[in-house]
Amino acid sequence: MATIDLAQFHQTFFDESFEGLDAMEAGLLGLDGADADLVNTIFRAAHSIKGGAGTFGFPEVAAFTHVAEELLDDLRSGKREATPQLADVLLRAVDALRGMLTRARHGEPARDAESDAVLDDLRSQLTGAPSAPQPSAGTEVALAPPAATGWDVVFRPHPQLLRTGNDPLRLLRELEALGPLTVEPEIERLPALQALDPESCVLGWRLRLDAPVSRAAVTAVFEWIEDDCELAVEPIMSCSNEPETAAASPVQQIALVPPRAAMAPAAAAASGPLAPAAPTRARVVAGRGDAEAGSIRVGTDKIDQLINTVGELVITQSMLSQLGERFEPALLEALRAGLVQLERNTRELQESVMRIRMLPIGTVFHRFPRLVHDLGGKLGKQVRLDLHGADTELDKTVLEKIGDPLVHLVRNAIDHGLESPERRRAAGKPEVGTLRLNAFHRGGSIVIEIADDGAGLDRDAIVRKAVERGLIADGSSLDDAAVAELIFQPGFSTAAVTTDVSGRGVGMDVVRRNVIALNGHVGVRSRPGEGTTFTITLPLTLAIIDGLTALVGGESYIVPLVAIVESLQLKPGQVNRVGSGGEVFRFRDSWLPIVRLHALFGCADAITEPIEGIVVVAEGDGRRVGLLVDALAGQQQAVIKSLDAHYRRIEGVSGATILGDGSVALIVDVPGLARLAQRRAAA
Amino acid sequence: MSDSPLPIAAAGSPAAGGQYLSFRLADEEYGLDILGVREIRGWQRVTRIPRSPPFVLGVLNLRGAVVPVMDLRLRFGLPQVEYTVTTVTIVVAVEDRLFGVVVDAVSDVLDVAGDAVRPAPDFGAAVDTAYIKGLTSQGERMVMLLDAARLLATDEWAATEAALIAVDAEAA
Chain A
1 MATIDLAQFH QTFFDESFEG LDAMEAGLLG LDGADADLVN TIFRAAHSIK GGAGTFGFPE
61 VAAFTHVAEE LLDDLRSGKR EATPQLADVL LRAVDALRGM LTRARHGEPA RDAESDAVLD
121 DLRSQLTGAP SAPQPSAGTE VALAPPAATG WDVVFRPHPQ LLRTGNDPLR LLRELEALGP
181 LTVEPEIERL PALQALDPES CVLGWRLRLD APVSRAAVTA VFEWIEDDCE LAVEPIMSCS
241 NEPETAAASP VQQIALVPPR AAMAPAAAAA SGPLAPAAPT RARVVAGRGD AEAGSIRVGT
301 DKIDQLINTV GELVITQSML SQLGERFEPA LLEALRAGLV QLERNTRELQ ESVMRIRMLP
361 IGTVFHRFPR LVHDLGGKLG KQVRLDLHGA DTELDKTVLE KIGDPLVHLV RNAIDHGLES
421 PERRRAAGKP EVGTLRLNAF HRGGSIVIEI ADDGAGLDRD AIVRKAVERG LIADGSSLDD
481 AAVAELIFQP GFSTAAVTTD VSGRGVGMDV VRRNVIALNG HVGVRSRPGE GTTFTITLPL
541 TLAIIDGLTA LVGGESYIVP LVAIVESLQL KPGQVNRVGS GGEVFRFRDS WLPIVRLHAL
601 FGCADAITEP IEGIVVVAEG DGRRVGLLVD ALAGQQQAVI KSLDAHYRRI EGVSGATILG
661 DGSVALIVDV PGLARLAQRR AAA
Chain B
1001 MSDSPLPIAA AGSPAAGGQY LSFRLADEEY GLDILGVREI RGWQRVTRIP RSPPFVLGVL
1061 NLRGAVVPVM DLRLRFGLPQ VEYTVTTVTI VVAVEDRLFG VVVDAVSDVL DVAGDAVRPA
1121 PDFGAAVDTA YIKGLTSQGE RMVMLLDAAR LLATDEWAAT EAALIAVDAE AA
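Chain order of the listed sequences is A and B. This note's numbering applies: residue 1 is where the first sequence begins, and numbers increase by one. This note's numbering applies: residue 1001 is where the second sequence begins, and numbers increase by one.
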């Protein structure tokens, strides 16, 4: 049997284990009643992690998971009741396991003080009296007075065991994770060498496990192959309670080498101890650590679509090259049609490739139930979390970077937004506050809303604080939008007392900065007594936008189509001057300021009279402005190139793109322009 | 062309021997470490970048990368001239950043021994020697060896930004 380098599966193991942990966490948080399905889900997740950890050589992880699994097994069999304390311990175990797996992934020792502490807690839960103590005779070995000090196991796999992809060595290792294990092979079934089929398992084992674990724990190891083997598990009783484990049979205490040799008995002598192989594996893991962020799981439907599209592209290409070989003017129409098709194929291909990078936002949302649970508990607030639109997909890069701002907003909503149950009752609201996270597509953007039904922004406190911080002058009159805007100012925090939840000085300004870095916007709406809603708008992808080319003084700028409401030509008399400088025009039911692009960007030779140029009504950050440009030159897709890769961020510019003629055009950042214009007007 | 970290940083030490690309700028000769030079291209119109220092002419498309271009005459406070057929853009890499410098003309590749590099004397306030990592002579000519990383140093650009914000404030 060829030796398989297990390291190649490590990535998958870790990915799946982290997913399993997420499932466990989600299950544990929902674990209120005795929901058998839920307990089973949690148990299965733990079991898979244990199995994988055993197989791929992470015994510490396997041993840890094993203890958690035993607790879960008690839950499953109804021997224990799901109490909040138990759920808490198990949640901490999930955290500890995450840490262990992360360390293992980087080739570091999985265990640390933290995980050991949690392990002790798990063990004390396990040995502590179960809340529903009904020891069914024989199984509750750890506690029943005539305790089994260990187990004698006879394990005779059927010959086809190896063909089903099971490895007895893994099972023995898993068993060893439970305690000191003595292994004795049975070689009776071993045929003569020339009759030996390397793919059949002809060995059996007599195993002695010197650990006072439950029978279920022992049989669980063999759970997957129950039907492929003969299995007998007998308790070892001892009159004295002294666990004479290691001393029992020091000679037979062989390191788990023979089982591997047993698969190819002829090689038994040559097979060295496994220990030297371990460092090699560790190195491999370390080497892959760098690439861990580079992996992505893609659904087969997306791949299939990609293949289809590429197939069509190949057909179009061959058609065009045929045309090219014997071209005559009469075929011009066919050439045009071919080019149209090529364009369509290219666009489809682009979209398919983009879709590969798209992941559901649920992967970020799933961490919130835990966060809300923990925070609500800590702050004494009752919170119901509503998650909507977890299937909404967005770019992987965006997804990775939006997590922290979202966590911040959720923390804020629970800490500042929602009131304590007493205050809610006093206000005539249900004691349980609701926090609603909603993600959906709107136009070419993803919108994420974080809404609470709390007290709303405290206008007076915000204004007071802003005056204190010198952000605004005392006595300035501000509308609600302007007040809300204040919370996004650097260094602004209204928490009277700094808690470990919020009020550490990093605030909404950081959230806004992060969102802007993703070409997105964040806004806030609030109604006193009814709650606050934060709205994050993000582009679907960071790579490509649809834009309108605007000409200003001989230069081209791309205005993102998503930001454009309408383009219009103003007639004389439609432009009004407000006070000393600002110009406004009437658009539908409101007055919008005119932002002169040429003035902000310092373009020479541009049209300066609003009525002579085109006014593009654009929206960003919830504000609308009229951008004055010379003319519009059509719509196009723009592949976004960052300016700060080689240069730096420019206010009012979100990036650059390469036009068809190879020249560079800048993409305007509408909210940035609006802010820039406002700053000029305000000064 | 390799993307490995460039030896430019190492060349920041005073004894910086090696090969230099020499070019002319207002009748003087300068040199840039050739290991940092990515490309030499004829002058082409660039796309102007708003809110940038005056010496940043704009950005150009270098095989899909958007690369800023600075006019070295303006950077050094020399009088501006019309661009001619000999005007070239030298694309230089500093760490993983690329930028173009527009110079009057490229002249030669020089072999400079480490001990042939002399520290730049203090010219007083008239000439900023911060960009110059040393002087060397090629026959009768003096060549000023430039520190590419210093040319790209962004603290001055931040100052420009601050000035712009002040302009914003005054504009209204």
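Be aware that one or more of the hints could be misleading.
Far from chain A, by Cβ distances over 12 Å, these chain B residues were calculated [stated by the list, open to error]:
hint, residue
1, 1074
2, 1076
3, 1078
4, 1099
5, 1109
Part of the chain A face toward chain B, derived, beta carbon under 8 Å [to be verified]:
hint, residue
6, 205
7, 578
8, 601
9, 612
10, 614
11, 641
12, 662
In case anyone wonders, no lab produced these hints; they're calculated from the structure. Beta carbons: idealized from backbone N, C-alpha and C, even for Gly.
These are the hints, each one checked on the structure:
1. 1074: holds, 16 Å
2. 1076: Non-interface label on residue 1076(B) holds, nearest chain A Cβ at 20 Å vs cutoff 12 Å.
3. 1078: holds, 23 Å
4. 1099: The claim breaks: residue 1099(B) does not keep its Cβ more than 12 Å from every Cβ of chain A (closest is about 6 Å).
5. 1109: holds, 25 Å
6. 205: With a closest approach of 54 Å, the residue 205(A) hint is violated.
7. 578: violated, 12 Å
8. 601: Constraint on residue 601(A) satisfied, holds at 4 Å.
9. 612: violated, 21 Å
10. 614: violated, 19 Å
11. 641: holds, 5 Å
12. 662: holds, 6 Å
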